[in-house]
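Hints given; two lone chains; assemble the complex.
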Amino acid sequence: MEVVQMQRRFVEYAASLFREGFLDGQFTQLQQLQDESNPDFVVEVVSLFFEDSEKLLNDLSRALDQQNVDFKRVDSHVHQLKGSSSSIGAQRVKNACIAFRNYCEEQNTDACLSCLQQVKQEYSLVKSKLETLFRVSARSLLLKDKTNLESGFQTSFSKSDC
Amino acid sequence: MGMAGESQFHVLAVDDSIIDRKWIEKLLKTSSFQVTVVDSVSKALEFLGLQEAEQRNHHQETKVNLIITDYSMPGMTGYDLLKKIKGSTSLKGIPVVIMSSENIPSRINRCLEEGAEDFFLKPVQLSDVKRLRPHLLGWRTLVEI
Chain A
1 MEVVQMQRRF VEYAASLFRE GFLDGQFTQL QQLQDESNPD FVVEVVSLFF EDSEKLLNDL
61 SRALDQQNVD FKRVDSHVHQ LKGSSSSIGA QRVKNACIAF RNYCEEQNTD ACLSCLQQVK
121 QEYSLVKSKL ETLFRVSARS LLLKDKTNLE SGFQTSFSKS DC
Chain B
1 MGMAGESQFH VLAVDDSIID RKWIEKLLKT SSFQVTVVDS VSKALEFLGL QEAEQRNHHQ
61 ETKVNLIITD YSMPGMTGYD LLKKIKGSTS LKGIPVVIMS SENIPSRINR CLEEGAEDFF
121 LKPVQLSDVK RLRPHLLGWR TLVEI
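From first to last, the protein sequence lines stand for chains A and B.
Going by UniProt numbering, 1 is the number at position 1 of the first sequence; the sequence numbering is gapless.
Going by UniProt numbering, 125 is the number at position 125 of the second sequence; the sequence numbering is gapless.
Extracted from the complex, chain B is given alone in its bound form (with noise of 0.2 Å):
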């Protein structure tokens, strides 16, 4: 296996703005997860499909446990890379994090019918990325299982 014992889980956060991806890169990092920090939605799944590939040659370092994301960046939006994550039978377990600068109830009501394991309002607090163990959790007891 090669891994520490004490295995951290590993977060693919996706942002357009740079001064966003610096903060949700400190807070992650603060909060114990392994990051990763991507500014486009081609570029996370470019990344996933790397990861995909390394695990059918049984490397699992790079395995991602929680996408981040944010909504509105130009090209795909964070809710295309839900959808493309939910769609897909390799990467759909991976639980999806919407944030927005905008509090848009139908927007939020679209991401969690799509999928999404919660919303996060900008800018992100460290409490928010707090919350994101359970969703973590959980999800990996499902696949324990």
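Next up, chain A with everything else stripped away, as it sits in the complex (with noise of 0.2 Å):
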């Protein structure tokens, strides 16, 4: 009983990250390439998004900082987040990203700051929905095991009786 709830949350979860637009179709493209051979994939995956983005988010605070703020490294620091990003089904934290770009070959300092802090509110989002996400899914793993188990080990016992 216990399982299913866990997994029944699991999904309706992940099926409300989708509806509220923070993941898009891409996410499920790396549900679906996960398999016995690699079960980790997405956390993996997710993980090298989380320490890639923190670096450029600091390289884009950094960058904007500066007195004459060079507009090309700032573009190029928001191109490969919006890549990455969209790499990953991260949809509102790439939304954010394409915004931003914009505003970058307009050379408009004050709107860039304004997008970053945009981008930083997103990605700080789908970071705790996913941490979240994967919480959830662990649990409802951990109990599958704890329970299969159980009841493996009542199956073999009956077995046994020969």
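Calculated from the structure, these hints are not laboratory results.
There may be inaccurate statements among the hints.
[Claimed, not checked] Cβ pair distances, simulated, as ranges:
{"no.": "1", "chain 1": "B", "residue 1": "Lys83", "chain 2": "A", "residue 2": "Asp40", "range": "35 to 43 Å"}
{"no.": "2", "chain 1": "B", "residue 1": "Arg133", "chain 2": "A", "residue 2": "Gln121", "range": "42 to 50 Å"}
{"no.": "3", "chain 1": "A", "residue 1": "Asp145", "chain 2": "B", "residue 2": "Thr77", "range": "45 to 53 Å"}
{"no.": "4", "chain 1": "A", "residue 1": "Tyr13", "chain 2": "B", "residue 2": "Thr77", "range": "24 to 32 Å"}
{"no.": "5", "chain 1": "A", "residue 1": "Glu105", "chain 2": "B", "residue 2": "Asn109", "range": "17 to 25 Å"}
Even for Gly, the Cβ is constructed at its ideal location relative to N, Cα and C.
Rendered as structure tokens:
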């Protein structure tokens, strides 16, 4: 009973993330490629995304803090972040980056700073939601294993009655 | 020969994004390709140069059957790599596929005119990777003749 509840919770939580636009079809692609040979694939890719994004966001803050802002550099960082968020299906981060790039082109520092705040916010949101998703998923898998172990024991016990 | 009967196609993937490298590697492995991934054009050329040396010594293990490269990279771009490959007598037979997150028709045309086999929009999908086999088979048939 507990396992089914946890699994349902996972499915419902994942569905809400898609519904609210935090994740798009690309995240589903990631999930579909995960298999027994690489059971942590999604977590691995997303962890790389977190590491890479945090570095890029720091670089962006630094770049926009300069006396003479190098907009080419800023645009290059945003382009990278747009690419990586697109690759894992972090839709809202990607969209925030698209808007950001327009202001880079205009060389508008204030607008860029505002966009950076927006991107940071969206990143923060999707990070916490993905961490929650993984936590719920891990719990449901642990419970499933625990349940399998218990029922497996009972099965082998009855089989040995020969 | 020392190779297994069923020889896998060996794909060399080039991308400066660590996330995209992981993704393309997964797509290629899922599609039963042997994969080598590098993060720059210079590393790719180094690998191919090494491959050339090994071929001279009759070691066929690292033979590359296809190159798939990101377009925008710091330093040398995927387009630069494409030109180098097509300009090399020993490497020009290797099909090159370009990947890009930007759908710019003039960019796509320029790559195709320079000899790129295909152009994939990022994020690359499994269905894109599955399209690689015909390119590989076509090239291999030519070589066999």
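Going through the hints against the structure:
1. B:Lys83 <-> A:Asp40: 35 to 43 Å: holds, 39 Å
2. B:Arg133 <-> A:Gln121: 42 to 50 Å: At roughly 43 Å between Cβ atoms, Gln121 (chain A) and Arg133 (chain B) fall inside 42 to 50 Å, so the hint holds.
3. A:Asp145 <-> B:Thr77: 45 to 53 Å: Hint holds: Cβ distance 47 Å, inside 45 to 53 Å.
4. A:Tyr13 <-> B:Thr77: 24 to 32 Å: violated, 41 Å
5. A:Glu105 <-> B:Asn109: 17 to 25 Å: holds, 23 Å
Hint compliance for this structure: hint 4 is the single one not met.
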